[in-house]
Amino acid sequence: DTGVSQDPRHKITKRGQNVTFRCDPISEHNRLYWYRQTLGQGPEFLTYFQNEAQLEKSRLLSDRFSAERPKGSFSTLEIQRTEQGDSAMYLCASSRTLYGYTFGSGTRLTVV
Amino acid sequence: GQNIDQPTEMTATEGAIVQINCTYQTSGFNGLFWYQQHAGEAPTFLSYNVLDGLEEKGRFSSFLSRSKGYSYLLLKELQMKDSASYLCAVRPNSGYSTLTFGKGTMLLVSP
Numbered sequence: 655d656t657g658v659s660q661d662p663r664h665k666i667t668k669r670g671q672n673v674t675f676r677c678d679p680i681s682e683h684n685r686l687y688w689y690r691q692t693l694g695q696g697p698e699f700l701t702y703f704q705n706e707a708q709l710e711k712s713r714l715l716s717d718r719f720s721a722e723r724p725k726g727s728f729s730t731l732e733i734q735r736t737e738q739g740d741s742a743m744y745l746c747a748s749s750r751t752l753y754g755y756t757f758g759s760g761t762r763l764t765v766v
Numbered sequence: 028g029q030n031i032d033q034p035t036e037m038t039a040t041e042g043a044i045v046q047i048n049c050t051y052q053t054s055g056f057n058g059l060f061w062y063q064q065h066a067g068e069a070p071t072f073l074s075y076n077v078l079d080g081l082e083e084k085g086r087f088s089s090f091l092s093r094s095k096g097y098s099y100l101l102l103k104e105l106q107m108k109d110s111a112s113y114l115c116a117v118r119p120n121s122g123y124s125t126l127t128f129g130k131g132t133m134l135l136v137s138p
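Going line by line, the protein sequences match chains A and B. With the first sequence counted from 1, adding 654 to any position gets you our numbering. With the second sequence counted from 1, adding 27 to any position gets you our numbering.
Any given hint could be a false lead.
Now the in silico label distances, taken between C-beta atoms and shown as ranges [said to hold, decoys possible]:
1. K711/A - K103/B: 37 to 43 Å
2. S54/B - L693/A: 23 to 29 Å
3. G85/B - I666/A: 35 to 41 Å
4. P662/A - D32/B: 21 to 27 Å
5. L709/A - T71/B: 21 to 27 Å
6. H65/B - K711/A: 27 to 33 Å
7. H65/B - Y753/A: 35 to 41 Å
Only part of the chain A face toward chain B is listed, based on derived beta-carbon distances under 10 Å [unchecked claim]:
8. Y689
9. P697
10. S727
11. A747
12. G754
13. F757
14. S759
Don't read these hints as lab results, they were simulated from the structure. Heads up, the beta-carbon is just placed ideally off N, CA and C, and yes, glycines get one too.
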């Protein structure tokens with residue numbers, strides 16, 4: 655069990671640029687989640703995959719955001735035309751059952 | 028809608044006991060979770076309650092009352108390393124396991 659890996663750990667980008675983050679879940683976990691967390695707030699749900707199927711998307715996920723999980727393994731989250739309000743920690747989590755996620759260490763995005 | 032309330036900050040002394048409360052109003056209920064998050068790190072799972080009552084796990088215990096929409100996390104024999112944010116989260120839907128989190132309670136343990 656190597657845990658949930660996220661890459662990169664930190665990303666600084668200029669407003670208007672596109673960014674892509676990667677998440678590698680625990681290998682036997684078929685459920686994968688993306689959350690966003692800003693300072694002083696709890697994580698906010700963005701999207702959920704079961705295997706390769708994206709089963710749920712939050713209204714927070716504007717059309718500038720897209721997520722994929724090809725072949726039900728790793729997942730990517732892309733943000734197009736980044737805005738300063740996108741600055742946050744992007745957390746990925748995975749689980750095998752309905753109980754208890756394992757979170758990755760997150761990707762901290764700063765849009766300047 | 029979903030609403031989860033917890034105190035913003037709490038302070039306590041090393042060796043003491045502290046209780047962090049959480050109240051929730053959600054469109055459904057299928058379990059309540061507590062997570063610990065140290066600054067700059069990922070949340071880590073502490074406890075899960077789906078039925079009323081107390082769940083004990085070492086120094087940490089969690090209580091749930093579904094009729095009152097209320098939970099608490101009890102931390103005993105506080106240690107300096109317990110200084111962290113404690114997140115209360117509810118799973119509203121039975122089909123999926125997406126969680127709705129509160130804003131977290133920042134606990135500061137002093138010597």
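TODO: Enumerate the violated hints, using their earlier numbering and listing them in ascending order.
DONE: Those not satisfied are hints 4, 7, 10.
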